[in-house]
Amino acid sequence: MTHPSTPLNSIKISVLVIVYKMPRQALNTIYSLSVHHQKNVRESDFEIVVVENESSNNLDEKDVLAIGANIRYFRRQESSASPCGAINFGLEKCAGKSIGLMIDGARMVTPRIIEYALLAQHADADSLIAVPGYNLGPLEHQFHLDIGYTEEVEKKLLEQTHWQQNGYRLFDIANISGANDKGIFHPLLECNCMFSSAKNFERIAGADEAFDLPGGGSINLHMFRQLGMLKQTRHYFVTPGEGSFHQFHGGITTQQASDREAVLESHRKQLHSYWEDGFHALRREPMLLGAIGSHAQKFLQESAAMGKKRFNWITRGNNARHPWLDDVALFASPDTSI
Amino acid sequence: MTPVMPKLSVIVIVYNMREQAMNTLHSLSPAYQKNIAADDYEVIVVENRSAHNLNETDIKKTLPNARYFLRDEQGVSPVHAINFAFQQCRAPMIGLMIDGARMLTPRVLEYVLMAKRIDENALVAVPGYNLGPVEHQLAAEHDYNETIEKQQLNNIEWQQNGYRLFDISSLGGANPTGVINPLLESNCVFASKTSFEKIGWADTAFTYPGGGSLNLHMFRSLGMLRETNHYFILPGEGSFHQLHGGVTTQDARQQSKQDREQMLKQFARQINKRWGVFSVLKREPILLGAVTTHAQRFLKSSSKEATIRFSRLDENMTAHWIDDLTRLKSDRQESA
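Residue numbers (our numbering), protein chains in the order written: chain A, 3 to 340; chain B, 26 to 361.
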């Protein structure tokens with residue numbers, strides 16, 4: 003299924019996109035990752051590895067491959083409701099020195115994420131890069147029923163932005179995601195578009211298949227923290243001018259359902275059982291990387307304001323502590339500054 | 026001892042500012058700069074002789090990786106001192122600090138080496154700030170003076186945490202609307218030796234006091250080179266001007282207003298003659314580096330100012346970063 007024009011050994015980055023039952027959204031995602039949309043990179047620099055767990059509503063392979071010459075598509079049978087098997091299958095297929103993991107194929111990205119992942123790779127082959135998350139529409143998607151937000155509404159919004167011409171307009175129709183709802187200067191809980199070296203993904207042994215709850219439960223939070231807590235991950239970058247944008251679909255934690263709290267509680271329990279001192283968002287100081295266009299400025303301002311608040315609160319008073327405790331835990335002399 | 030070849034040479038030009046220059050040199054020292062080894066860089070200190078010269082022994086104590094040169098200069102411009110300094114640089118990447126009175130934050134050199142790993146011909150600009158509440162030519166009107174500045178520097182114990190310099194500073198005249206809008210110049214700028222060579226080093230026609238607009242000319246020349254594909258700004262770092270009798274930053278009361286305006290006009294005439302009309306560097310900066318709590322307020326105000334500029338340009342249907350387009354055009358012409 004590999005396109006003959008892309009020799010595997012020259013690939014610098016593989017982006018792994020996991021898909022289940024969301025063909026329309028996934029095609030947007032794949033297009034947003036392709037060279038038609040990504041700037042300042044060559045098609046031969048990276049590949050897009052799409053792994054789909056078969057459902058009643060699959061992607062059409064022809065449609066996927068028509069988007070670009072650097073795309074590989076795999077459809078597989080999966081009996082579990084978790085994407086962990088698909089992730090591990092996909093990691094095996096990735097030929098790049100770095101891998102970008104997108105556990106949810108419904109997330110479109112802005113035009114310079116591949117370029118910046120490449121820059122970070124030059125700065126440090128084992129760096130971790132987090133692209134902040136947003137939701138299309140006015141609110142987080144689990145509240146969609148409350149405000150009458152539907153796929154049709156979102157489709158119209160997307161059409162109006164002509165995002166294919168300028169992907170940064172996605173910021174104009176989005177809100178900040180729950181994974182980073184206090185902005186980029188607060189510790190990130192997870193990242194739905196994260197890049198690290200293939201070696202680092204090996205070091206954490208891929209996705210732990212014990213996370214067998216629907217959607218993988220908290221597997222993505224677990225992997226993000228695992229990558230961030232590797233000694234080899236000396237440099238942790240966040241791209242303040244780029245984003246991954248969740249499209250509305252029937253995802254496990256992003257749809258509005260009455261049993262959502264119970265589902266989340268089971269996820270939490272499983273996650274905390276893996277981390278000795280309980281699970282934490284990644285408390286490492288992010289290094290910013292990348293330009294910030296006009297569309298993302300409002301989110302930067304909010305981040306700076308909320309970052310300032312956090313610093314004030316955390317570094318004063320009786321319980322004052324280092325704002326980036328995981329840097330302190332990891333390195334004898336942390337790179338950070340306060 | 027085998028000399029280790031440094032990755033980075035930093036030039037500091039000094040004239041008649043002993044105390045300020047020693048602060049600057051401390052801020053460049055391996056003890057203060059983080060995540061970089063002394064062997065990774067050298068500091069080339071070139072001083073034009075005055076009544077108040079630096080003491081070489083003191084320099085070596087602070088900066089074991091410094092090389093100090095005291096020279097006699099007939100003219101009033103630093104241009105020859107700069108070119109002399111370029112000749113001393115051993116590293117493939119060079120930082121130019123035309124005014125020895127500018128102290129730095131602790132991760133400037135780390136990020137410059139990072140930028141160099143990304144692109145050996147990267148251009149890196151460190152935003153400028155003034156210690157105190159206002160630009161230094163207005164200091165006296167605001168009852169700000171060297172004694173107050175010294176007091177404030179003592180109070181914040183900047184040697185322990187250089188980011189506290191942000192707490193006692195204001196935005197510099199080179200970037201009065203923040204670090205995301207176009208910069209007029211940078212008083213702490215890094216580029217490859219090849220790039221400096223390509224722009225002809227420091228142009229010796231800039232003979233006015235302080236070099237006149239030499240630094241602006243060099244900054245734009247570097248930015249418009251086709252080689253400098255990546256233009257980085259460090260939003261969480263800064264170069265902080267200390268009050269001293271600099272040519273454009275000294276107390277306006279010591280200079281009549283008329284004299285100062287006359288002088289600035291001369292500077293402008295010279296640089297406009299070079300460029301047709303001289304402009305700030307309208308290239309989109311790639312931000313690089315962490316932003317500590319101390320710099321957050323400047324990042325926030327920079328973002329607000331950038332939004333104002335973007336809106337204005339959008340209304341006029343004007344490109345946000347016209348120099349990026351100009352560079353590409355000249356690339357096409359050259360390769361055609």
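Treat the hints as calculated values from the structure; they're not laboratory data.
From a predicted model like this one, the values you see are computed outputs, not experimental measurements.
Hints are supplied without guarantee of correctness; some may be wrong.
Cross-link-like lysine-lysine pairs, in silico, PhoX-like; alpha carbons within 25 Å at most [stated by the list, open to error]:
| no. | chain 1 | residue 1 | chain 2 | residue 2 |
| --- | --- | --- | --- | --- |
| 1 | A | K233 | B | K59 |
| 2 | A | K311 | B | K325 |
| 3 | B | K307 | A | K41 |
| 4 | B | K59 | A | K310 |
| 5 | A | K41 | A | K300 |
| 6 | A | K311 | B | K329 |
| 7 | A | K300 | B | K307 |
Against the structure, the hints:
{"no.": "1", "hint": "A:K233 with B:K59", "result": "holds, 19 Å"}
{"no.": "2", "hint": "A:K311 with B:K325", "result": "holds, 13 Å"}
{"no.": "3", "hint": "B:K307 with A:K41", "result": "holds, 19 Å"}
{"no.": "4", "hint": "B:K59 with A:K310", "result": "holds, 23 Å"}
{"no.": "5", "hint": "A:K41 with A:K300", "result": "holds, 23 Å"}
{"no.": "6", "hint": "A:K311 with B:K329", "result": "holds, 18 Å"}
{"no.": "7", "hint": "A:K300 with B:K307", "result": "holds, 21 Å"}
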